[in-house]
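**Q** Below are the chains, spelled out letter by letter.
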Amino acid sequence: MSLVCVDDLSISYGAKAVLSHVSLRIEPGEIVTIVGPNGSGKTSLLRSIIGAVKPARGRVTRGSNLRLGYVPQRLHIDPTLPMTVARFLALPGRAARTIIDGALAQAGVPNLLNAQMSRLSGGQFQRVLLARALIGKPQLLLLDEATQGLDQPGSAAFYRQIETVRRDTGCAVLMISHELHVVMSASDRVICLNGHVCCEGTPEVVASAPEYRALFGSGTMGALALYRHDHDHGHDHHHDHTETAE
Amino acid sequence: MLDDFMMRATLAGIGVALAAAPLGCFVVWRRMAYFGDATAHAAILGVALSLALSISVFAGALVIALLMALTVNLLTGRGYAMDTLLGVLAHSALAFGLVAVSFLSGIRIDLMAYLFGDILAVSRLDLTVIWGGATLVVALIGWRWSALLTATLNEDLAYASGIDPKREQLVLTLALAITVAVAIKVVGVLLIAAMLIIPAAAARPLSRTPESMALVAAGIGSVSALVGLRAAYVFDTPAGPSIVCVAALIFAALSIAGKVRTSTQ
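Chains as they are written, first to last, in the working numbering: chain A, -9 to 236; chain B, 142 to 406.
Treat the hints with caution; some may be incorrect.
[Claimed, not checked] When the alpha-carbon atoms are kept at most 25 Å apart in a straight line, the in silico PhoX-like pairs for lysine-lysine are as follows:
#1 B:Lys307 / A:Lys44
#2 B:Lys307 / A:Lys6
#3 A:Lys44 / A:Lys6
If you are wondering where the hints come from, they were derived from the structure by calculation, not from laboratory data.
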């Protein structure tokens, strides 16, 4: 049974249509990546899945009692709001100390418990957001450009963490990213979005699809997109930056 | 004990301070200061209407404050910037209120009492209403605390946790209207926003968590009420403004102390 079914979804803001006739399913345990240019409706799709946007047409069906973990694109905490990592992680409820510690370790940032959120570095902050999303033992983890503001090694390490989390917890992952070469290597399935679903399939299938190439070009980006780290180890100088992170 | 007007005034001041503290924290975190001001200013229209209709001032102020807050919620994001909208609504509500009061030729009312409060004239009935309202506000915010906090951090995080941020906004709106209604007698419509914002802002440098900030704000608000009333008695100054002055001095002292502490660390 699918975790999420999106059927013929259309979303518009005022007169402007951002998504039309999008259908997709997320199965348990798979990593699905959404790629697409700016303004292609990626974030709107994710927000409709968490229930923040009402569809103009079609519908989004979530499995009954589906546990969602959501990592937003950017989180601004007003400087007037004091917030320790421990308190933030427990929101909106209260979580046992062992669960909090476990989530922090799983996200790769143990020992931050008593830090103020405002004192964290960009990488630590994103990992704390990930830890919070993991607290509720999600069946589906949603990430909206979760590595924005991180450098190349930082985001590569972040996505490896996601793979580890999936391996350890078996949760499905639906994520949006601009960093095609990093993300596609970690995905089971890629959906290329541009107001509608242009093409979808395994990373290799999408990377060679004409619709995808029309959007992202077939030059360096295409080659990088094909890079998977389970083969082709480090003879290609194009990928030095990815490997230093590994 | 309640026969003493100073005792009644002190209890009224503390009641308002306790309700204003947790609500004030949200007003500060969500940058709703002007929103609080607009709601409070609208209450003067409620005062005029309740005097004209011979109903309870609390009820009139509550209804108009609630209508004002709901109107702002409704109009937000429909073409005008929030602060423009609030500027229009806050000042026109105050102006209409003042004009409406002037029509009440039959009754001679002391406008100053509603603009700046008349805490020394708090009756036993007023005290009951103030503490009843304050208890309601604290209970409401305490009940929704975690959901409100999540919605304040990020609307999408709230949605993903099954919380509707719009509903939480309504909870705050309702709490604000009740607070305005019970605080009119104590500090008056012009200074209600001060009781919301100043103790919360003063508590910020002393707090590591949202909960501690609300508690510290309640303490600062209560101390301001106690000291302000005492000062009003000794120096023969207006009571409501004196309370706000004390809160402002505490804010200044704590801000400077906080700056000194961070720069020496």
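**Q** Hint compliance check: list the failing hint numbers for this structure, sorted ascending.
**A** No numbers; nothing is violated.
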